[in-house]
Each structure stands twice: as structure tokens, then as C-alpha cells.
Amino acid sequence: MTTAVIEVKNINKQYGNTEAVKNLNFKINKGSIVGLLGPNGCGKSTTIGMMLGLIKPTSGEIIINNKNIESNRTNILQKMNFISPYIELPKKLTIEENLKVYGRMYGVKNLKDKIFQLMEKLNLSEFKKRKTGELSSGQKNRVSLAKALINEPEILLLDEPTASLDPDVGDYVRSIIEDFSSDNTKTILIASHNMNEVERLCDEVMMMKDGEVIDKGKSLDLVTKHGRKNLEEVFLKIVRNEA
Amino acid sequence: MKFYRIYALYLRHFYLIKSSMPRLLDLVYWPTIQIILWGFISKFFTMHSDFYNHTAGIILSAAILYDFLFRSSISFNMLFLEEIWSRNFTNLFIAPLKVSEIITALTCTALIRTLIGIVPAIVLAYPFFGVSLLNLGPSLVLLLLSLYAFGITLGLFVVSGLLRYGPAFENVAWSSLFLLAPLGCIYYPLSILPDWLQMIAKLLPLVYIFEEVRSILLNNIVNYSNIVSALILNLLYFILAVFIFYSAFYEARKRGTLVNVGE
Chain A
98 MTTAVIEVKN
108 INKQYGNTEA
118 VKNLNFKINK
128 GSIVGLLGPN
138 GCGKSTTIGM
148 MLGLIKPTSG
158 EIIINNKNIE
168 SNRTNILQKM
178 NFISPYIELP
188 KKLTIEENLK
198 VYGRMYGVKN
208 LKDKIFQLME
218 KLNLSEFKKR
228 KTGELSSGQK
238 NRVSLAKALI
248 NEPEILLLDE
258 PTASLDPDVG
268 DYVRSIIEDF
278 SSDNTKTILI
288 ASHNMNEVER
298 LCDEVMMMKD
308 GEVIDKGKSL
318 DLVTKHGRKN
328 LEEVFLKIVR
338 NEA
Chain B
6 MKFYRIYALY
16 LRHFYLIKSS
26 MPRLLDLVYW
36 PTIQIILWGF
46 ISKFFTMHSD
56 FYNHTAGIIL
66 SAAILYDFLF
76 RSSISFNMLF
86 LEEIWSRNFT
96 NLFIAPLKVS
106 EIITALTCTA
116 LIRTLIGIVP
126 AIVLAYPFFG
136 VSLLNLGPSL
146 VLLLLSLYAF
156 GITLGLFVVS
166 GLLRYGPAFE
176 NVAWSSLFLL
186 APLGCIYYPL
196 SILPDWLQMI
206 AKLLPLVYIF
216 EEVRSILLNN
226 IVNYSNIVSA
236 LILNLLYFIL
246 AVFIFYSAFY
256 EARKRGTLVN
266 VGE
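Quick mapping for you: the protein sequence lines, in order, are chains A and B.
Per my numbering, the very first residue in the first sequence carries number 98; after that it's consecutive.
Per my numbering, the very first residue in the second sequence carries number 6; after that it's consecutive.
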């Protein structure tokens, strides 16, 4: 039996007269990887922001691990983490220092060992004393990934995890995400514009447009349903309102 | 509140300061220059003013204490601004940190940052100008506590503005204390101000703190009513500042500004 670890119930978010998210409803089961697709400004980041407790919904509720994010923010965030190319770690701190800070913030046990393991896994050991601001974008991305995995989150939210990375590093990051989810206990939500990435990683895809989920299902099912060759064509069809 | 989370946030700023010699020098440089400047002004007044010739260094003592207040407030603001400048802000708010833990961590870290800057200046004041804050006796502890509490309170007001209005509010962070300084009666007695302005000035704990400093140094009299008034006012303003900080956090979540505050 599958258990929903994330339940988004009738969520609306309004900024003045603009409706960023409209009556959003979905569930994500434990151990699944779900892709959130949609054009820029369709409400993906707002949805993720509300799931992280950064944004207060205008109405509706978000239940994570059977707890409402509004009243249990700290407890829920203890078991979650997030990565986005739009947020950075302190540039003047070394990789090791950043991981120590966030490891302590999440109350990680045996932190020294955990940092060592993550650095080995993400090929960061040789740079551990280097300041984060001095790293290449690929290396920075791996450090952000290490920070996002430091608390072994049960729920991982990824906002364009491979944006601005070259294909080799992008592929490497996707392998790490696959490896992280391999025991089927981790739940992952990926907002991405990279259709190949979504097809490779996700069990299910949600298509958003104008603040609403307008379609969802397995990648292959969506491709068949919409009579297109691949997910990218499905995306374009939905965005352009093609018949 | 969890100590390990407070410690983690402290550690983030400790690493930042320890790794940067320019930052460390900047912390020490301004208070030291201030104390040297006011030291000479103080010396001049001591030699040429009837009012001040009884007590050497009253102006310098006031300058040191004002600088302590200034550094406390600026340190608190700076710690918060560092997160905005480094675009680390969102990382903090998606970590399991409570607002109360953020306030506690910034308050403790700001004290360390303030002491790094002000202690060398205080130490220099004695051999250079023969002025020691220890002349204020045991009351010094309560006066410093009062000043620190007011510095943090001002910091909380400014940080609330940063949360609510974003980095555009940064200029207020730098000017907030200059705005209050004329009413604080730091270098002159309250009686200098016009009556109507005295009424407003009395709403600030600074007036009671610096009146008390002059009372001790000029007349050798400890007036506990001044100290108590300052502490009560500080408590009231601090409670108000915490309330405003929580409101600003709530409002920032409502407006969605926590997501992109660094932009």
C-alpha cells in the first residue's frame, strides 16, 4: 500500500489581483519521484515555496508527513531539503565550513563522518578547504547538492537542479539523484525545464499552466495520450494550446 | 529552542569573520578611530571648559559607550545583511530554524562582533587619554546591558524592515542610529533640549543612560532611578521589536518575499 507523504489540498495563492496558483490538488506517494513541468511563471516555484513554508497560501493546506506545514514548519523542515540554482551558500566559507554549519543546523549525528562520505561521493574532497565562491558552477552545484543531502532528507525538492550545467556534470548530478532515491524511501519533487531529465528520473509528471495542474501521469502515458513523440512535444502542445 | 541550531548560525558568522582579515580590521578600525578623535576633543574640553574640567574624559566615556551601542546595532544588522548579500537567505529559512532561534543567534553573535571592535578601543583609551570605563563602577554592567539591549532592539526594527521591504531598506540600517543620536543626549545634558523635545527624548532609554553616566562621573552619585527607567524602557521596546519582527516574517511569507529577498 502506498502512503501519501505530501498532500496539497485546494491551494490558492493570490498576489494582489494576480492568481499565482489556483485550486491546486495533488498527492505524492512515499518513495516516488515526481516532475513538475510548466512554462516560466506558471506557479511551479510558488508551489515549491509553499511546500517549504516560505510562502503562505491564501487558502488551502499542505500536509507533509501527516502534519500541516503552517503549524509544524520546523519539524517538517527537519526532514526536508531543497536545492535551487537561484540560492547560494555563503561564498566566503569553505566547502567544509558550509557543510559543518548546515550539518549542525539540521542536528546531524556523526557530522564529521557524514561530511566525509558526502565529499567522497560528490568528488569534493580535494576542494574541501576551498572557498565556495571560488568554485566553478559545476562544483558549486555539487556543494549545494551535498548541503541538500546532509540531513538525509525524506523529502527532497529540486528546482531546476541541472540548470546551467554542462551535459557531463548534469548527467553526474542526475546519477546522484538516482542513487539517493534507489532505496525507494525518499520522495523527490523536481521542477525542471529539461524534459530528458524528467523522463529519465520521474515516475510521474505534473503539467502546470497558469497556476493549475492541467494534466498528470507517467511520462509514457502522457506522450501516448497527447499523441506526441516525446515529453517535450507534449509540453509544447500544452503550452501553445495546440490541438 | 535548540542550542545546536543557534550555535550553527553563530558558527556561520564566526567562520566568516575568522577567514577575512579585512573584515576583522574593519571591525577594529572604526571604533579605534572614533576613540582617538573623541579622546583629543575630550582632552581639549577638559582643559578649556568649566563644566568638564572636574572630570577628565567624560566626553570620551560617552563616546565609547555610544560606540558600543552603535556597534551592537550595526553588528546585528550586518549579520542579517550578510545573508542577503551572499544569497544564502533562502537556505536559512528552509532550514528548521525558528524565528526565536534566529533572533537569539544574531543577538549572541552581534555581542561577540561588537566586543571584537570595541575592546581594543577601550583598552587604548586608558594609556592614551587616562580614561577608563571602570570609573563608572559596578553600574557600568547595567549601563552596558541597557545599551546593548537598545542596540539589538534597533537592529530588530531595521531587520524587520529588511524582511518586509527587502534590500531597499538597507540605507535605513546605516542611518537609524544617527537619527536618534541628537535626542539621546549623549554629549550634552537633557536640559539643553527645548522643552517639547525633552518630552520626546525622555521616551528613549539613551537619555537615562547618558544622564546617569554624567551623574556618576561629574557628581559621583549613582541614581538608580535612571538605570531602572532605562531598563524598563528597553524591555518595552524589545518586546515591541520582537513582535514587529514576527509580524514582518509573517507578512514576508504572505507576500512571498522570502524566496527572492536577495535579488
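In short, the hints are calculated from the structure, not lab data.
Glycine included, every Cβ here is placed at the ideal spot set by N, Cα and C.
Treat each hint with caution, since some may be false.
Stated by the list, open to error - Which chain B residues face chain A? A few, computed with CB under 10 Å, are given here:
| # | residue |
| --- | --- |
| 1 | 7 |
| 2 | 48 |
| 3 | 103 |
Should the interface hint for residue 48 of chain B be scored as holding, given a Cβ-Cβ cut-off of 10 Å against chain A? violated (40 Å)
Min Cβ distance, residue 7 of chain B to chain A: is it shorter than 10 Å? holds (7 Å)
The hint names residue 103 of chain B as touching chain A; please verify it with the least Cβ-Cβ distance against 10 Å. Given a least distance of 6 Å, the restraint on residue 103 of chain B holds.
When the structure is compared with the earlier hints, a violation turns up for hint 2 alone.
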